[in-house]
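Starting from the known structure of chain A, fit chain B onto it as the hints suggest.
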Amino acid sequence: MIGCTEARRDIALYIDHELEGHDAIEIEAHLILCASCRLAYEDSRAAVDAVRGASPLYEVPGSCYPAIKKLVKSGQRKPFRNRWMLLCAAAALVAGVAIGMWSSPWLTRRNSTPAQYASFAAEAHLLYAKGAFPLDIVSRQPQVVSAWLRGRVPFHLRLPEYPNGGWQQKRYALVGARLVQYLDQDVAYLAYEMDHKPISVLIASSPHLIRPGGETYRSGGLTFHFTEEKGLRMITWTDRGLTYAQVSTIALSGKDSCGVCHGSSEDRPKLENLRPWH
Amino acid sequence: MLSCHASLYRYARSLCGEQVAAEELLQETYKKALAAKRGPAEATVDHVRPWMFTIMRNAWQNEIRRQSRAHEVWLDDVDALEDPDSPDSLLTRKLLVSEVRAAVDSMPVLWREIIVMRDLEELSYGEISSILGCPVGTVMSRLARARSALRQMLVGRVSMPREVDP
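Protein chains in written order, with the numbering used here: chain A, 1 to 278; chain B, 279 to 444.
Chain A extracted, bound-state conformation:
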């Protein structure tokens, strides 16, 4: 059994989940028995919760991202050989931006169709994969991201801690989240990562954005649509009034692509219940 000196020393480690196994049990046992150390723990815990609850604490100024993006682009661009080439490139860029603004679903979203939403989700994924779609919050912890989204999107979202069993290794990890505007509403964009490959999940509060077609499966009362968009794999479904669109480059057909993330023994029954739907 550890004493108060060791317990006080390890409180920060315990709060930050840096203690494991026997060490964690030791401090938990001490905190149950020692009111003084328990008070110190609760105070530290409250300070940490206050800061995390105030996340992101400092709002990033709107001018910041365009300036950095410009900087990164100029740093990566190859030098032009002469002024004519520079002028031609500038003209092409202006024309490209004008055409892009005219045709982009980002700006014609008011009369959106499910197909446009699918295109929007694919564009968001491609931008994120290119590093041009910065996250508002970077966190591996579902509860932290859930807390950040609370009040920022017009629905309550509680991201699952997956898998629940501590002995199971995660096949994918949460990276963070950001907000994105679609149909004049805030949509939650969640970024995940698996084998260094990004996986995007967009969650909107409209239930009418599902793109029908492709392979369709049913499980647990939900209908999943597997389609392709811009060369990406897309899975869409609705649940309790929300539309989910998951985008990735995982090139497997319907049920098999679910197994990439949900292939553990714990999830196997769910996959076995996944039935083709016509």
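These are computed hints drawn from the structure, not numbers from a lab.
If you're wondering where the values come from, they're calculated on a predicted model, not measured in any experiment.
A few chain B residues that face chain A, going by a derived Cβ cut-off under 10 Å, partial list only:
no.: 1; residue: Ala284
no.: 2; residue: Arg291
no.: 3; residue: Ala300
no.: 4; residue: Leu304
no.: 5; residue: Lys309
no.: 6; residue: Leu312
no.: 7; residue: Ala313
no.: 8; residue: Asp324
no.: 9; residue: Val375
no.: 10; residue: Ala381
no.: 11; residue: Val382
no.: 12; residue: Ile393
no.: 13; residue: Ser419
no.: 14; residue: Ala422
no.: 15; residue: Ala427
no.: 16; residue: Leu428
Stretch by stretch, here's where chain B covers chain A in the computed footprint (C-beta under 8 Å, at least three residues):
no.: 17; stretch: 10 to 19
no.: 18; stretch: 57 to 65
no.: 19; stretch: 123 to 134
Note that CB positions come from ideal geometry on N, CA and C, so glycine has one too.
For chain B alone, kept in the frame of chain A given last:
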């Protein structure tokens, strides 16, 4: 690299204490990162972010040395501010973001940056140790002191009641 910009801005804000200087530091960090001959081990968020935090901290330190600024508390002075034996209090009501921000802003920069790195940006002790160039033990003790000081500041700002064991 761009996907880290919000994290980096918050760290810059914690170092500089105000917006304009933080934006300048952020730009300087990206310039240095783009010009760096050696990048992070892997091009993933987990590797790029601590790498850029290190670049930012070095850039900030160089600027501080260049300007010989004296109004921020620097490494050797921090012990004078630490008072781990002060009376404890519990934070028993939800704090407003502005109150937390004001409390964090009023802390010495060494505490401010470690709170931001760990509690907001969730960098590991090892990553923080590498960014600060100090042992993990120092990270632990500094973090504990920073949290203790923050708790006291928050209690002072919002006059929070204290729970008493029966």
